[in-house]
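Assemble the whole structure, with the sequences as input and the hints as a guide.
Single-letter residue listing:
Protein chains: 2
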Amino acid sequence: MRKISDSTVRRLSLYLRFLEQFQTQGRPTVSSEELARRGGATSAQVRKDLSFFGSFGKRGMGYEVPELVSRLREILGLQRVYRVVLVGAGKIGGALVHYEGFRRRGFEVSAIYDRDPKKIGSRSNGLVVRDVKQLEADLKKEPTDIAIVVTPAEAAQDVADRLVRAGVKALLNFAPVQLKVPRDVEVKTVNMAQELEALSYSLANR
Amino acid sequence: MRKISDSTVRRLSLYLRFLEQFQTQGRPTVSSEELARRGGATSAQVRKDLSFFGSFGKRGMGYEVPELVSRLREILGLQRVYRVVLVGAGKIGGALVHYEGFRRRGFEVSAIYDRDPKKIGSRSNGLVVRDVKQLEADLKKEPTDIAIVVTPAEAAQDVADRLVRAGVKALLNFAPVQLKVPRDVEVKTVNMAQELEALSYSLANR
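Chains A and B, in that order, are what the protein sequence lines are.
Using numbering that gives the first Met the number 0, you'd call the opening residue of the first sequence number 0 and step up by one each time.
Using numbering that gives the first Met the number 0, you'd call the opening residue of the second sequence number 0 and step up by one each time.
If you're looking for bench data, these hints aren't it; they were derived computationally from the structure.
Every clue listed holds true.
Since the list can't tell identical chains apart, any single copy or any two copies may satisfy a pair.
No more than 30 angstroms apart at the CA atoms, straight line, and that leaves these computed lysine-lysine pairs for DSBU-like:
no.: 1; residue 1: K179; residue 2: K140
no.: 2; residue 1: K47; residue 2: K179
no.: 3; residue 1: K168; residue 2: K2
Here you go:
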């Protein structure tokens, strides 16, 4: 399979979301035009994105929803449940623990860590906050693919280093820093203040 | 001034963050190498990014921190406070109300709305949750540049339409949909599940 770009992967996620809605509604087929309308793309773009993975759909008939759902889930690696640990039990961390969008997609937050003695042992949306000192020992017993880093900026790189040494291969980073990781580890960064700054830039430069 | 790309704007935000830390520490100058190291870029990239805005810094001396901070704040439109409203008082919305990273940057969340009668009138981190029915009337009295949309997917487009009609020019969207807005309105989307899906894609296709 060809290497596909990050922006294609993001559109595939979005198509999958709509297709699952159609599936819930019992619709058998969907056209590239309809997927395009929902996904903010053109129908040519939809056909191009899906053509990466071989031919789906018949001319004039549209795509079969269940087939396309299962193929997209396979492509995106969503046919299994991922164990996810979260480091940082602040307000955002606490909210993410039970973010439904994660669980629905098979991302199961199974542990949350903090270093603050006031937080350790408390419950955060059903999970008991663990001492971050336990991180390595826990990861040895409970191998984990994905970690979410929601620490303050100054703690994030150290936490990332520890996660990587413990075998975590994918990080979702909410701290406002660029994490440095080895080549075989994937990092995505969500920087909410930076998104607002991109908006203020556009407001200031209209 | 030339139109600069979204990814350049993001790097400028990041440089500003480090420069502000240096300023707090009382450091007078910084080299492009140091900014590059912190920002995960090359020093050539840093010099190129900053050259968009005229010449800063002297060869061999580095950049003067206070001058560069104030210039970057100006470029990013951060020399004022932005009034921000937030629609959706769920867990994530509630956490965002007092996200320190926003306030520190001059983004002041001044109102939070929901349509759920059980939430309306309750306090969410110090703000009383208002009825979303009041949105238009409130925005008329309190003009607002930026709105954060944290509603369920199916409500997001309608909320966005109402915000746009009421004069909001910039939206930060956390709902898992592509919002359609007029050309003169800027939207940034933060899709946390989609970020995890980009990670599962890379785990599944290593």
